[in-house]
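Now for the letters of each chain:
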Amino acid sequence: MAASHKRISRTAGNIPGELVHIGEIKIDKANISVLDYDENNFQEKEITDIKDTFPFKETPTVTWVNINGLHELKIIEEIGNYFEMHPLTLEDIVNTGQRPKYEDFDKYLFIVLKMVMFDEAKKAIVSEQVSLIVGSNFVISFQERKGDVFEPIRERIRNSKGRIRKMGSDYLAYSLLDAVVDHYFFVLEKMGDVIEDLEEELVTNPKPQILQAIHNLKRDSISLRKAIWPLREVVNSLERGESKFIKKHTVIFLRDLYDHAIQAIDTIETYRDMISGILDIYMSSVSNRMNEIMKVLTIFAAIFIPLTFMAGIYGMNFEFMPELKWKWGYFTLMGLMAIVGFGLLGHFRRKKWL
Amino acid sequence: MAASHKRISRTAGNIPGELVHIGEIKIDKANISVLDYDENNFQEKEITDIKDTFPFKETPTVTWVNINGLHELKIIEEIGNYFEMHPLTLEDIVNTGQRPKYEDFDKYLFIVLKMVMFDEAKKAIVSEQVSLIVGSNFVISFQERKGDVFEPIRERIRNSKGRIRKMGSDYLAYSLLDAVVDHYFFVLEKMGDVIEDLEEELVTNPKPQILQAIHNLKRDSISLRKAIWPLREVVNSLERGESKFIKKHTVIFLRDLYDHAIQAIDTIETYRDMISGILDIYMSSVSNRMNEIMKVLTIFAAIFIPLTFMAGIYGMNFEFMPELKWKWGYFTLMGLMAIVGFGLLGHFRRKKWL
Amino acid sequence: MAASHKRISRTAGNIPGELVHIGEIKIDKANISVLDYDENNFQEKEITDIKDTFPFKETPTVTWVNINGLHELKIIEEIGNYFEMHPLTLEDIVNTGQRPKYEDFDKYLFIVLKMVMFDEAKKAIVSEQVSLIVGSNFVISFQERKGDVFEPIRERIRNSKGRIRKMGSDYLAYSLLDAVVDHYFFVLEKMGDVIEDLEEELVTNPKPQILQAIHNLKRDSISLRKAIWPLREVVNSLERGESKFIKKHTVIFLRDLYDHAIQAIDTIETYRDMISGILDIYMSSVSNRMNEIMKVLTIFAAIFIPLTFMAGIYGMNFEFMPELKWKWGYFTLMGLMAIVGFGLLGHFRRKKWL
Amino acid sequence: MAASHKRISRTAGNIPGELVHIGEIKIDKANISVLDYDENNFQEKEITDIKDTFPFKETPTVTWVNINGLHELKIIEEIGNYFEMHPLTLEDIVNTGQRPKYEDFDKYLFIVLKMVMFDEAKKAIVSEQVSLIVGSNFVISFQERKGDVFEPIRERIRNSKGRIRKMGSDYLAYSLLDAVVDHYFFVLEKMGDVIEDLEEELVTNPKPQILQAIHNLKRDSISLRKAIWPLREVVNSLERGESKFIKKHTVIFLRDLYDHAIQAIDTIETYRDMISGILDIYMSSVSNRMNEIMKVLTIFAAIFIPLTFMAGIYGMNFEFMPELKWKWGYFTLMGLMAIVGFGLLGHFRRKKWL
Amino acid sequence: MAASHKRISRTAGNIPGELVHIGEIKIDKANISVLDYDENNFQEKEITDIKDTFPFKETPTVTWVNINGLHELKIIEEIGNYFEMHPLTLEDIVNTGQRPKYEDFDKYLFIVLKMVMFDEAKKAIVSEQVSLIVGSNFVISFQERKGDVFEPIRERIRNSKGRIRKMGSDYLAYSLLDAVVDHYFFVLEKMGDVIEDLEEELVTNPKPQILQAIHNLKRDSISLRKAIWPLREVVNSLERGESKFIKKHTVIFLRDLYDHAIQAIDTIETYRDMISGILDIYMSSVSNRMNEIMKVLTIFAAIFIPLTFMAGIYGMNFEFMPELKWKWGYFTLMGLMAIVGFGLLGHFRRKKWL
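Residue numbers (numbering that gives the first Met the number 0), protein chains in the order written: chain R, 0 to 353; chain F, 0 to 353; chain P, 0 to 353; chain H, 0 to 353; chain C, 0 to 353.
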């Protein structure tokens, strides 16, 4: 979580718009790839010198430049300058503590969002910042590390599946957003499974470990929510279609995406309700167990303490204790004890403690 | 619930608008029926080939095509193409994880909603997705399985009861929505009964099982709420009458429907308040019972432990214990014990513990 | 409450607008009364045939028809038809599960509200649905049973007190609403008294019965809130003066009524806050009492258990136990026990447990 | 509190606009004072006959009539009639259960607000209703009793301090409102002190009495909130400057006043947060103490009960118990007991119970 | 906190707009500094007589006057008069209980905000009020004491780093706001660290001290929130660009600042969620520990109390107790005790208490 709630403050003396990479470095060397396509043409290449991407700016084909790794500020700066990005945009790209947002500049749209993935190895949700620069015929995407949810889109472009090759950069941007949102559902499902397991366990065998699980779920739900809520606003703004970079044909897809975002939010809110419900039920069941334990203790104590007292009396060594001499004294006392014991037992049974 | 909160993510590589059935398959073979009517004519038939529905598109009569089962994508696709539905609409129809929503396309209105039923056998609320395509002279409804709440409407059409035969497809769509919302109240009543039973039990005999019941109620209320809240917006949008498919005459009925939806929401919110109230009271009463148990334990322990100690003293085997030799030693001690015992008893009675 | 949260679903097959009485029948035979007045004239009569009310429709005087009992659908239907009410209006009138609302039809205003009364016999809040049809020169009111809060208004009309005889049907409608809202305050006062009693009891003598009382208060506050919140909207809509049936002169009175409605809501919210505060405090004080009980138990047990153990040791029958032979053994031990006992007592006193 | 949440319902039969004094009578005889001033002139007098105020209505100077005591309805009625107040205004003035509000009439502005004071003697917050009638050259203020927060304003008028003598009746009204709001802060400070004391006590010595104190604070915060929230709206409406009685020059002062009102609300909300935080912490600390107590009990019981059992065994009187004959039997057993006792002690220490 | 929630009420008799310093005096003698610059010129000086700042008002260069210490009212008054500030502005500057706000006057913009710093020595958050007067070519800042977060900005001006020397007074104001907001993140990070530590501790070793820590965190989060929420509105108003003092070029920077403010609010809300989550979990874990303790007690008591009773029986001194004479009586009893003891132990193990 450390990473997810920290936007490290610019070190004192920083100038607004000055580039400082803020966040963990998750990749050794930045790595750049280009996909360039239109309905009939397609090329894909890995690039080492960022300058090799510049020529694509002028071609009429759609170009998707993807950059993994944000700490090589020189790369960001060069591409930023060439594609005429505002200094504040560049600052936001390299600061991984951004809140998802959308800004409409003259030359491009700037979109920041959080890509959420489920790390099967660590059994934890990991989050990564993705920034998109959407121009009239290019999309530049910035990621913190290798590995993303965009592979299916690349596949569709390569194989010309669906309508993507026929559409512009706005549809590509939509596809990227859609892939991210779709993946939220994947993560939400994982979370839903954990909640269902917890609910089952709650009924069959409530253990203290459940507390830690609830706490983790709560944290995950908080951080997912923090990622999706602002995304909803982003998609809404895009869909309202005020930007010149979004063509009319794409708006209907964005509307669909907006529905998905709302649905994801709905699901998270439902989960939050459920998690807090689980905690309530767990706390009540802890109290119930305490009652059970106390009943056992009380029954044992309330029955045997008086009997022990009675035995204690006749264990006294007074010289003159007439009962001790009686022939049937012992058996009388044993009978009396049985009466007292079973009487108390019956009393507790009537009280429904047994 | 499993089904109700899961919108399985499109498997990686899917294209937006590509048809993939998502959800449980609840029927073996899709089954299609057609009702065609106007004020004077009426026909009803079961259909096996979806193409047999196509001619109805052009007739001036109102046509209601109902399709049970969403997994035979070919059927959905064919009817979708013929009736000129948008690919995203088709995708939404077969994905049973939709949030109730309303979309106004050029050629039709698209409405998604949740039909909620009470399964008497399982004593549980079951939910099913219903999609409506409303055109100028037809309504196409898609359901997940056989069995719905629309039988009374079919009956009214067959027997020409009420005004339905005189009205257009918009009134038919309203009638379907109305039947769904009306059924919410039926389910809510069932829920209300459970709540009242719980409240009674709470007073007369609070048992730990109540916790599970509260938890189930909470879950049901969450999922009902998730179904009805967005439906309210749907009806509101329809009622605002901006769509060309909704005739002015139907608006007043939609306004009434809107009132019903609000009322359903009100009732759910009230139930939620009540459920959380029941939990509060239950937890307090658990604490109260604990107090009772502890009092019993404390009274027994506090009275008999000192007495046992006193008996213990005179059970010691010291050679020189003058009291043991006294003639009235035993009786004196018994008297003393009685005084101590009743003294403590009196003390606890004064404290109102008895 | 049964009645207050149930809107029984129309039985399957019902047609929207078809009349079905829903709710408890609270009166044997419907009973109809008419008050007809203007500044100079006044007549009042009990009517048995609903048709006798029809002539009043055309007279220029203000006519108030009041109908107690909603199950004689024929009466409702006849008057409904004659006064040109919409079928949905009639349906709403006989369905006692309505939410307070306001609808502006061409020929009349339709207002539904809840009249809340305090049943001194049952010590409970009872609620009844009142529907008003406000035309240009008549008001028709429908109630579930005999007995209402309108008697003072009838008195004022009879005796020509205040300005009511000089004003139109809108002022009569306002007066009825005002009487209903005024009565909310009466009921709220009763509730306030109960809350104050509870608060006092909480401090002086917290008993488990308080839980049931809190629960009842909560339920009452929920149902009052459900009645008043929508009423506020109703009055607000009326006051905005968009209806042709509301004359300008009456608006100022409606504004005043609106203030009262807000004040009632304020008071309910305050009560809800207080009730939840009482529950919190009660639960804390239960925990406190538990602490007290546990302290008593612990002090007794912690002091006497070690002493009993010491006595137990010298009650053993070993042949070779040197202490038993000592002359001062017994007295030494008694001294030791005193030291241990008082030492522990002192310890607990220092811990502030005593 | 009795007074603060009760708007006694008009007794049945009352007519809207009829004068009935509702509330406690807090003064024997109503008392009337007049301040009349402009930049150069000033006079102040106590008046016995309300008619003596009438001439001031026509003078160009600013006149402030203050009336303490609302139960002498004749006075209210006479001044009301002469100054052309609406009957509903008069009704509101004498009904002390009003919610702060603002109404713009043709001839005057009507403002109701709550003056809150801290009664040092009773150590309690007392609230009093103040109504202001603001005309073009007069302000009439109605209070429930003698004693208010306006003395400094009178002083400023008398001594011509500040700009008040140069300004009109709107500035006087602002000054009165400002004095009331300023006094809220005074009361809030008192409350803040109590909260700080509680917080300190919570840490050093949590006692059950804290519960009562929390409950009182909560009630005070609820009633303060009820007084200030609507006042904010009042000031906001005034500041928007739509009334002809508010001159442009005064608006800037009202804006400042609005900021103060918001700040007061902020502070109350903060206090509410803090109070509920204190309750949470207190409840947790009660649970913690319970744990402490239970630990003590458990340690004593768990150590001495087994030892007592061991002693009990060798206190039995069986004829054939070989250990009793052993020379070192007693000492061996004592050793064993020591091992068991210290073993358990060590166990609990390892568990961090000690 | 004392300082943060108190706006000491103006002492009775104060006139709105009269200068009274309210708040702690945190510096001995007010201290004044001036920075004056444009793209090519720069001068910086400490000033003793406030009048030395007056000439800068007329120069075309940007002038930043900073005043530390608010209690020397003469200084405030003189500069206020010369720079034509409204009396209410001056009153707000010297009253340190202001809520962050923004006011647009004819001659200047007035901005109040809270500068929050982390006092490493006291390990506590300290807050200070900063007021800004922004004119067309000057910014006057008022602080409560020496020491601020603006040093980097001074450095940038001195060294002409970044664009600051090329821009006007609005950019300077933005830079100051930006520095303050940036510092919120620094403080939030500190808070985040504490939360993470608490979460860890919660799992590994929950101690009662955690309660105090939670309480402190809550208070800090409340006071931070109170500082940032209104600041968001301030920035939003500025960004909307309605003031003539904000040039178009600066708006984009303000938009960025607005994003930061939202992000800070987001983070605080997240923290609040987390803190309340920690409290919930802590309380549950306290209950769990109680259960553990009770189990130990119950197991010990339930096993040994019956055994002790059995031993007690054969410790009785009845003359006629046949078992005592049996040769194997003792060993039989010991066997029986073992059976009872292990039986109970097994019972508890089956109940999962062990």
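None of these hints come from the bench; they were simulated from the model. Careful, some of the hints might be misleading.
No distinction is drawn between identical chains; accordingly, a pair holds when it is met within one copy or between any pair of copies.
Calculated lysine to any residue pairs in the SDA-like style (CA-CA distance at most 25 Å, straight line) [to be verified]:
1. K122 to Y81
2. K100 to R271
3. K324 to R231
4. K160 to V19
5. K351 to E268
6. K160 to D103
Tested hints:
no.	hint	verdict
1	K122 to Y81	neither (41 Å within a copy, 47 Å between copies)
2	K100 to R271	both (24 Å within a copy, 23 Å between copies)
3	K324 to R231	neither (92 Å within a copy, 87 Å between copies)
4	K160 to V19	between (40 Å within a copy, 15 Å between copies)
5	K351 to E268	neither (40 Å within a copy, 36 Å between copies)
6	K160 to D103	neither (30 Å within a copy, 28 Å between copies)
When each numbered hint is compared with the structure, violations occur for hints 1, 3, 5 and 6.
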